[in-house]
Each structure stands twice: as structure tokens, then as C-alpha cells.
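Chemist: Here is what each chain is made of, one letter per residue.
2 protein chains.
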Amino acid sequence: MLILGLDPGLGTTGWGVIRADGNRLSHVANGQIRTDPSMQLPRRLALLFGALGEVIRTERPDGAAVEEVLGNSNAQSTLKLGQARGVVLLSASTAGLAIGEYHPSIVKKAVVGTGGADKKQIQAMVGHLLPGVKLSGPDAADALAVAITHAHHLASAQARARRSTGIGA
Amino acid sequence: MLILGLDPGLGTTGWGVIRADGNRLSHVANGQIRTDPSMQLPRRLALLFGALGEVIRTERPDGAAVEEVLGNSNAQSTLKLGQARGVVLLSASTAGLAIGEYHPSIVKKAVVGTGGADKKQIQAMVGHLLPGVKLSGPDAADALAVAITHAHHLASAQARARRSTGIGA
Numbered sequence: 000m001l002i003l004g005l006d007p008g009l010g011t012t013g014w015g016v017i018r019a020d021g022n023r024l025s026h027v028a029n030g031q032i033r034t035d036p037s038m039q040l041p042r043r044l045a046l047l048f049g050a051l052g053e054v055i056r057t058e059r060p061d062g063a064a065v066e067e068v069l070g071n072s073n074a075q076s077t078l079k080l081g082q083a084r085g086v087v088l089l090s091a092s093t094a095g096l097a098i099g100e101y102h103p104s105i106v107k108k109a110v111v112g113t114g115g116a117d118k119k120q121i122q123a124m125v126g127h128l129l130p131g132v133k134l135s136g137p138d139a140a141d142a143l144a145v146a147i148t149h150a151h152h153l154a155s156a157q158a159r160a161r162r163s164t165g166i167g168a
Numbered sequence: 000m001l002i003l004g005l006d007p008g009l010g011t012t013g014w015g016v017i018r019a020d021g022n023r024l025s026h027v028a029n030g031q032i033r034t035d036p037s038m039q040l041p042r043r044l045a046l047l048f049g050a051l052g053e054v055i056r057t058e059r060p061d062g063a064a065v066e067e068v069l070g071n072s073n074a075q076s077t078l079k080l081g082q083a084r085g086v087v088l089l090s091a092s093t094a095g096l097a098i099g100e101y102h103p104s105i106v107k108k109a110v111v112g113t114g115g116a117d118k119k120q121i122q123a124m125v126g127h128l129l130p131g132v133k134l135s136g137p138d139a140a141d142a143l144a145v146a147i148t149h150a151h152h153l154a155s156a157q158a159r160a161r162r163s164t165g166i167g168a
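These protein sequences, in sequence, are chains Y and L.
When we follow numbering that gives the first Met the number 0, the leftmost residue of the first sequence carries the number 0, and every step to the right adds one.
When we follow numbering that gives the first Met the number 0, the leftmost residue of the second sequence carries the number 0, and every step to the right adds one.
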């Protein structure tokens, strides 16, 4: 199963695709989509939508995952992030992908083992969990981290389902 | 010229189309797009995007206008609004429409004559400026108000251009 992780942002949106075969994970591709701050907002959103559509057509993921966002006290930056996030969710949704959403602390716990991990620890663990990966940047690392979280979540759910049906037990 | 006004919201997005012939305005159509709060966010955004695309294909506007949004101290509601607004701006942008953005106080001043007007005054003036209009609701009225603001703005810009070139002076 191919999982597309997404880390939305108006300036930079990170994306990463991993292959999940039960608990075995491998890296497929990752990248960062940038939009020029000097452009008008609708144009930036259209460029982001177009670029993500291209990623989805090329990589053909089976599912997607994105971090939950809490917003902060700066209303203008929360609004910007919201606008980008709406377009990112739409890209996956119109492509027919089911989308898992994970709280940032769940992602950190899944990847590093503690909910209080910092960006550098996440990048290091993504590199460790996906041997040979070349990261396009910190946002691509975050995108891969949420994809890994989704893979763990799916593997746990499958294991629970097997136990409850007695198949493979 | 046909102008599409938009009032974005995740629960309800208002839209309204007017015909502007210089300073002469007339109503064409208006409506409200609702998405079910019990549905998942990506699905709601996809429904909003699909419904707006249908409005644009049916009404074939020449331009669009939307209110600027300030956000507020509630980060979760600002984030929701941002996600809907991103999808609304994307709908117009991917349809190739130029989009005017207007501060709420500019819209109130253009429609009612004072930057401090309330919702009821806006609805009453939209009804007065577009005789015979049947409003689908308050969000449709707000959408028509921003379309009217855009029409005034374009008419003023054209008048200025005529004066500066001497054509029609």
C-alpha cells in the first residue's frame, strides 16, 4: 500500500510517499511545493492544487494522511495555514483518497517515541525508518512522518482485526 | 459584465451573481451552499468545491469578488473558515476568474454608506439596489453585497481611466 503524507503550508507544502507492507516501510518519493509570496493568494492556491494533483497522478497513492492543526493566537497566520490546508485536503479528497488525520503529538510519538520530540529528532528518525531516503527539506520530513504514523495505525488496526476474527492468530 | 460575489464558510457559503452595466446593476441569481457538519472535513470541502464549480459553469461570470477575512481569537473557527475560504478562492481561480478582495468595512460603506452597518441594513440595501431580488439567506445577501462593491470599484476605475485619457469626458 502506498501512503501519501502531507504537511500543508501556503509558502511550503511538504509531501512524501511511502510503501507500507504490514510493518515493513520503504521510501518512494518526497518533495516540497513552494508558492511565491509575491503572487496573489488565489493564484498561489491554484498552483498548490495543480502541483499536488500532479504528485497524486504520478505517485498513485492508495491513501493519504495529514497532521491535525491547532492554529495559534495569530489569526492571520492561522487563516493562511487554513487556506492552504483546505486546498491540500481537497486535492486528496477529489482524487478519491481516504485521509487520516493525526494530532502532532501522535505523529511525534509514532516516529520518535515521545510526544515532545523536536524537528531535528523527527528528521533523524525518518532517515532511520526509511533507509536511503534523501529529504527535500524539513516539511517533506514532516510529511513522511505523518505517512509513517498512518502506516503504523493501519498495521495496528489490521492486527486487531486479525485477533478479533482469529485469522492469522 | 457578470460578477460573482462569494461569502465563504464551511457550514454555509453564500454566492450571488449580478450584471453590471456601468453604474446600472441587476440581479441574476443567488444561493447558499451548505455542507453537513456530520461529514468529514475533506468530503465537505469536496462538496463545496463541486457545488461552486457547478455555479460557475452555469452562471459563467466574468469576474469574482470576496470579502477579506480578519480571523478572530478562536483559532479553531479561524482555521475552519480559512479551509473553506481556500477552496472558494481556488474554485474561482481554477475557473480563470480574476478575484477582487474587499475589506468588510469597504463592502458596508459601498452598499449601505457607512462602514459600521449591520447585517439587516445590508440585506435591506441589497434588496433596494437589486430590485426584485429574492434572497436565499443572509450569506447570499453578503455575497451580493461584495459583488455590488466590486461593480462600484470597476465603474470608478473605468471612470478614472476615461478622465485620464479624455475618452468620454
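Don't read these hints as lab results, they were simulated from the structure.
These numbers were taken from a predicted model, which means no experiment stands behind them.
Please note that a few of the clues may not be correct.
Note: identical chains are not told apart, hence a pair may lie in one copy or across any two.
Said to hold, decoys possible - Within a straight-line C-alpha distance of at most 25 Å, the following computed DMTMM-like cross-link-like pairs (lysine to aspartate or glutamate) qualify:
#, residue 1, residue 2
1, Lys108, Glu58
2, Lys79, Asp20
3, Lys133, Asp20
4, Lys79, Glu67
5, Lys118, Glu53
6, Lys119, Asp61
7, Lys108, Glu53
8, Lys108, Asp35
9, Lys119, Glu53
Chemist: Each hint needs a verdict: does it hold in this structure or not?
Modeler: A quick look at each hint next to the structure:
1. In this assembly of identical chains, Lys108 and Glu58 lie within 25 Å of each other by CA distance neither inside one copy nor across copies; the values are 27 Å within and 50 Å between.
2. Taking identical chains as interchangeable, the C-alpha atoms of Lys79 and Asp20 are never at most 25 Å apart, the minima being 36 Å within one chain and 35 Å between chains.
3. In this homomeric assembly, Lys133 and Asp20 come within 25 Å of each other (Cα to Cα) only inside a single copy, at 21 Å, whereas the closest approach across copies is 57 Å.
4. Taking the closest pair of Cα atoms, Lys79 and Glu67 come within 25 Å of each other both inside a single copy (15 Å) and across two copies (12 Å).
5. In the homo-oligomer, the alpha carbons of Lys118 and Glu53 never lie at most 25 Å apart, since the shortest distance is 27 Å inside one protomer and 42 Å across protomers.
6. When the C-alpha separation of Lys119 and Asp61 is checked against a cutoff of 25 Å, the pair qualifies neither within a copy, at 29 Å, nor between copies, at 48 Å.
7. Within a single copy, Lys108 and Glu53 get their C-alpha atoms no closer than 31 Å, and across copies no closer than 43 Å, so neither meets the 25 Å cut-off.
8. Taking the closest pair of Cα atoms, Lys108 and Asp35 never come within 25 Å of each other, the shortest separation being 33 Å inside a single copy and 33 Å across copies.
9. Taking the shortest Cα distances, Lys119 and Glu53 never come within 25 Å of each other, neither inside one copy (29 Å) nor across copies (45 Å).
Going through the hint list in order, the structure does not satisfy hints 1, 2, 5, 6, 7, 8, 9.
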